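Listed in order, the protein sequences are those of chains A and B. Those letters in the first sequence? Residues -15 to 99, by our numbering. Those letters in the second sequence? Residues 23 to 131, by our numbering.
Any given hint could turn out to be false.
[To be verified] Here are the computed lysine-lysine pairs in the BS3-like style, where the Cα-Cα straight-line distance is at most 27 Å:
(1) LYS46(A) - LYS(-5)(A)
(2) LYS79(B) - LYS98(B)
(3) LYS46(A) - LYS62(A)
(4) LYS46(A) - LYS118(B)
(5) LYS118(B) - LYS62(A)
(6) LYS(-1)(A) - LYS46(A)
(7) LYS118(B) - LYS55(A)
(8) LYS118(B) - LYS98(B)
(9) LYS(-1)(A) - LYS55(A)
Just so you know, the hints here were simulated from the structure itself, not pulled from any lab data. Bear in mind that the values here come from a model prediction, so they are computed numbers and not experimental data.
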Amino acid sequence: EAEVAQSPRYKITEKSQAVAFWCDPISGHATLYWYRQILGQGPELLVQFQDESVVDDSQLPKDRFSAERLKGVDSTLKIQPAELGDSAMYLCASSLAGGPADTQYFGPGTRLTVL
Amino acid sequence: GQNIDQPTEMTATEGAIVQINCTYQTSGFNGLFWYQQHAGEAPTFLSYNVLDGLEEKGRFSSFLSRSKGYSYLLLKELQMKDSASYLCAVRDGDYKLSFGAGTTVTVRA
């Protein structure tokens, strides 16, 4: 069964350092999402891509976060500099076309701890 | 923003039935999803409702009433492995998916 791949699974960093997360969506899925999930809360959308284009980045803290999906396949989310409040699970999801009945499938996530 | 409410925690006995309620207020509506999330793992898709009524899938069923802004997820014949967080998520008029905080279900022997 096809799955969304993410790496690393765990990341510990000190504040002010740069971190990067990678995601490889299910093959053929045009839409890719990055979510942040704080412990005890539901996932919150950070950025959505349709192929290589950003569709929604309204909740992305653009002063420190950036995301790219250069060839419309895998994607990287970067934080620079990391802050204590960035400690969370970062989830990547993908869907076939982002349409009305489209289901999002999630990867295993990257657990970030900022010290 | 969107408003999605679900209980924080529920406890039930193995073999029993548990119903997790979700109420929502969104700008437009294009479907409601339920996801299961075990601790430290990714959410996995359980069900999707866009029309009123009950959708049954094995031991899990999901119900939707659009006029009431209400859904529930029904878990039957509970098993220990069903202990997890259950997330209600609503797709709004812009097709953006917003999640509730999740309901942690604990199944006791």
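Hints, one by one, checked against the model:
Taken as a hint, the LYS46(A) and LYS(-5)(A) pair is honoured in the structure, with Cα atoms around 21 Å apart against an allowance of 27 Å. The straight-line distance between the Cα atoms of LYS79(B) and LYS98(B) is roughly 11 Å, inside the 27 Å bound, and the hint therefore holds. Simply put, LYS46(A) and LYS62(A) have alpha-carbon atoms about 10 Å apart, close enough for the 27 Å limit, and the pair holds. Between LYS46(A) and LYS118(B), the direct Cα distance comes to roughly 19 Å. Compliance with the 27 Å bound is thereby established for this hinted pair.
With a C-alpha separation of about 22 Å, the suggested pair LYS118(B) and LYS62(A) falls inside the 27 Å cut-off, and the hint holds. For the given pair, LYS(-1)(A) sits about 17 Å from LYS46(A) by alpha-carbon distance, which is consistent with the 27 Å threshold. Distance check on the hinted pair: LYS118(B) and LYS55(A) sit about 23 Å apart at the alpha-carbon level, within 27 Å; holds. For the given pair, LYS118(B) sits about 30 Å from LYS98(B) by alpha-carbon distance, which is inconsistent with the 27 Å threshold.
For a cut-off of 27 Å, the pair hint linking LYS(-1)(A) to LYS55(A) is broken: about 31 Å separates their Cα positions.
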